[in-house]
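Take a look at the letters that make up each chain.
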Amino acid sequence: MSKTFKLDGREIPFETGQTIMDAALAAGVYIPHLCHNPEFAPHGSCRVCLVDIGGRQVSACTAAASEGMEVDSCSESIQETRRAILQMLFVEGNHVCPACEKSGACQLQAVAYYTGMLAPHFTHFFPRRPVDASHSDVIIDFNRCILCELCVRASRDHDGKRVFAISGRGLDSHLVIDSPSGLLGDSSFAAGDKAAHVCPTGAILPKGRGYETPIGERLYDREPISIVGDVRAHEEEVV
Amino acid sequence: MTTNLETARHPETLKRVCIEPLTRVEGHGKVTLLLDEDNHVKQARLHIVEFRGFEKFIQGRPYWELPVLVQRLCGICPVSHHLAAAKACDRLIGVDRLTPTAEKVRRLMHLGQVLQSHALHFFHLSSPDLLFGIDDAVAHRNIVGVIRDHPEIAMQGVLLRKFGQEVIRVTSGKRVHGTGALPGGVNKNVSLEERDLLLADIDRILDWAEKGVQLIKRIILTRPDFHYRFAAVDANTLSLVAPDGGFELYDGGLRARDPQGETIFDHADDQGYAELIHEEIKPWSYMKFPFIVALGPEQGWYRVGPLARVNNCEHFHTSLAEQERQDFAAAGEGRPLQAALATHWARMIELLHCAEAIRDLLLDPDLQGTDLRRDGRLQTTGIGVLEAPRGTLFHHYEIDPDGLVTRANLIVSTTNNNQAMNESIRRVAADDLDGHTLTEPLLNRIEVAIRAYDPCLSCATHALGKMPLELELLDADGQRVGRLVRHADGSIAL
Ligand code: SF4
Ligand code: FES
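Top to bottom, those sequences are chains A and B. Just so we're aligned, residue 1 is where the first sequence starts under UniProt numbering, counting upward by one. Just so we're aligned, residue 1 is where the second sequence starts under UniProt numbering, counting upward by one.
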């Protein structure tokens with residue numbers, strides 16, 4: 001008989017060594033997440049997957065499941081913490097959802113909806129971050145980067161290229177590109193790379209394709225992310 | 001053609017009257033009048049008081065965002081900006097001809113936009129002045145008064161607008177700020193279900209549109225002297241026209257005529273607009289003053305919008321609107337009508353045309369086509385020109401080889417009408433206000449003149465804002481001698 005733990009009252013089976021996140025996703029139960037992608041080593045940086053285990057808050061993508069534990073993922077206080085984390089992500093970059101080409105198919109936006117975030121609440125930083133359009137097929141809009149390091153991990157662990165890295169510390173942290181000029185067009189990056197298809201926001205996008213999907217048919221137009229799942233799963237269908 | 005009331009000789013000796021903000025116009029603007037001791041008007045100016053540099057804001061953005069990004073300029077006619085930017089983007093990607101489906105879906109969207117905007121303007125913003133007269137009590141002269149006294153008219157206005165919004169929703173995905181047009185095409189066609197949804201209402205819409213024209217015609221022809229004189233200014237006119245000289249809203253050549261109706265230029269390529277139109281900056285206004293280069297900044301100002309368009313075209317290709325245009329043209333007795341209030345008449349003829357053209361387009365099977373988008377080679381310059389509800393709208397972008405915007409220039413309809421509106425308020429100041437003690441009905445005359453142009457001040461300044469009206473009377477020393485506040489709900493406080 002397999003081992004189980006309780007997630008919001010539901011029995012979730014798991015294998016030894018599995019994280020709460022992976023066990024939940026395998027059982028078809030959604031825990032919001034941004035920096036997690038089951039194909040890559042857990043990162044534990046966005047903190048959106050926060051859950052409560054007996055009064056202790058841990059990130060579900062890094063915490064191992066254990067027999068009989070009781071995990072709370074949808075209490076109001078957990079959702080409130082998630083909202084605050086998301087609000088900070090929103091004000092730290094320039095996320096102009098109404099005009100953004102990723103709107104309706106963006107994981108950041110979808111997770112914000114899922115947690116009931118209505119407004120950014122905090123004062124916007126309005127950072128000045130130029131768009132890198134030097135690559136012939138792909139554009140990087142740093143305004144939308146949430147530093148989840150998924151592109152970093154995909155390029156390094158899957159594409160074997162190490163095109164991306166995070167540089168700087170704290171508020172200065174930013175995504176950098178490995179090329180003499182620092183521009184994507186001068187790097188070894190290619191549109192077919194895994195790293196081109198894992199970004200949970202609209203930071204890495206194919207050029208000139210924005211708004212192709214009509215409103216009403218976009219990924220999260222009809223059903224929430226808890227049912228639809230991650231952007232990347234669908235991205236890869238397209239590729 | 002111009003009055004001499006733009007700049008007074010000794011402004012320091014005059015008392016200042018300020019109408020701010022203007023009500024029942026879109027956005028935030030103000031009018032200042034300078035009066036001498038005997039209330040003679042010495043200076044009258046329409047100012048636009050907000051400014052947000054949208055052209056600056058979009059620098060460095062990828063070109064394909066433009067249609068969605070710039071429609072945020074305005075909550076009233078976003079589709080015009082959406083489509084003008086899309087037309088410019090077509091050029092940026094080297095496409096000068098869309099697929100039939102894409103072209104027709106865009107045209108349909110645009111017709112819905114003009115219809116809803118005209119309905120909003122006429123029924124909601126202007127009908128109180130027109131139905132009750134401009135001297136009617138201010139507490140009654142508003143949309144609530146219209147709902148009370150003419151509920152059927154108010155209702156028709158609401159439903160016409162709603163229909164226009166439905167057309168927009170079907171073509172762009174949302175009633176406001178959708179995404180339909182893409183560089184080189186559109187992202188959806190119109191399904192049979194969507195078409196039938198719209199067709200189900202079209203007969204009622206046509207009926208109400210016709211009634212709207214009859215209503216404004218009756219109002220104008222009941223007091224022709226007043227309506228033709230009020231705020232009338234002889235102006236050059238500018239609009240797009242179809243290749244055969246017919247009425248056109250979405251795509252055509254530029255036609256400019258003088259106040260006599262004589263041609264200044266005709267069927268000019270919109271891509272060459274920058275050689276035909278220049279913009280002048282005046283120190284007292286944030287809004288630029290465009291003029292026809294051939295005539296120079298003094299004489300070259302012009303009028304755009306419904307009055308200019310209906311005057312400028314030789315015919316409508318829809319029959320009901322064409323019949324109405326003939327009555328309208330006859331009223332001018334061989335000359336273009338120059339009366340500001342005739343704009344309402346022209347606007348309602350256009351609304352009728354939109355309803356007819358929507359009906360005709362809905363029956364076109366190309367709307368269900370699946371060839372939505374074309375592609376070409378990236379260019380560095382893209383210009384898109386169309387006729388927005390309020391008049392000719394120019395979008396001009398330059399991009400770098402990577403596709404990022406390096407420069408943008410927008411001339412919006414209200415800016416095109418800047419001098420014409422200023423001349424109209426000066427005409428009112430000289431004719432109606434000069435020598436009188438100012439009262440609310442008199443000041444309303446100024447607003448009625450501006451309102452006829454349906455200015456969208458948020459577009460013109462590329463800003464958004466709406467506020468209640470505050471009116472101050474200052475004496476020659478700048479001391480406040482009176483104050484009137486009109487709240488957003490129309491109530492008045494002293
Ligand atoms: S570009 Fe996208 S995938 Fe890469 S770190 Fe930023 S948000 Fe994450
Ligand atoms: S998904 Fe767990 S910390 Fe980001």
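Worth flagging that the hints you see were computed from the coordinates, not collected in a lab. Mixed in with the good hints, there may be bad ones.
[Unchecked claim] Beta-carbon label-pair distances, calculated as ranges:
(1) A/216 / B/379: 24 to 34 Å
(2) B/379 / A/186: 19 to 29 Å
(3) A/157 / B/274: 46 to 56 Å
(4) B/375 / A/157: 32 to 42 Å
(5) A/130 / B/271: 48 to 58 Å
(6) B/274 / A/224: 27 to 37 Å
(7) A/130 / B/274: 20 to 30 Å
(8) A/224 / B/55: 32 to 42 Å
[As the list claims (entries may be wrong)] To list a few chain B residues with every Cβ distance to chain A over 10 Å, as calculated:
(9) 69
(10) 177
(11) 242
(12) 326
Model, not experiment: these values are computed from the prediction. The beta-carbon is built from N, C-alpha and C at its ideal position, and this holds for glycine as well.
A quick look at each hint next to the structure:
no.: 1; hint: A/216 / B/379: 24 to 34 Å; in the structure: holds (32 Å)
no.: 2; hint: B/379 / A/186: 19 to 29 Å; in the structure: holds (24 Å)
no.: 3; hint: A/157 / B/274: 46 to 56 Å; in the structure: holds (52 Å)
no.: 4; hint: B/375 / A/157: 32 to 42 Å; in the structure: holds (35 Å)
no.: 5; hint: A/130 / B/271: 48 to 58 Å; in the structure: violated (29 Å)
no.: 6; hint: B/274 / A/224: 27 to 37 Å; in the structure: violated (48 Å)
no.: 7; hint: A/130 / B/274: 20 to 30 Å; in the structure: holds (28 Å)
no.: 8; hint: A/224 / B/55: 32 to 42 Å; in the structure: holds (38 Å)
no.: 9; hint: 69; in the structure: violated (5 Å)
no.: 10; hint: 177; in the structure: violated (6 Å)
no.: 11; hint: 242; in the structure: holds (29 Å)
no.: 12; hint: 326; in the structure: holds (41 Å)
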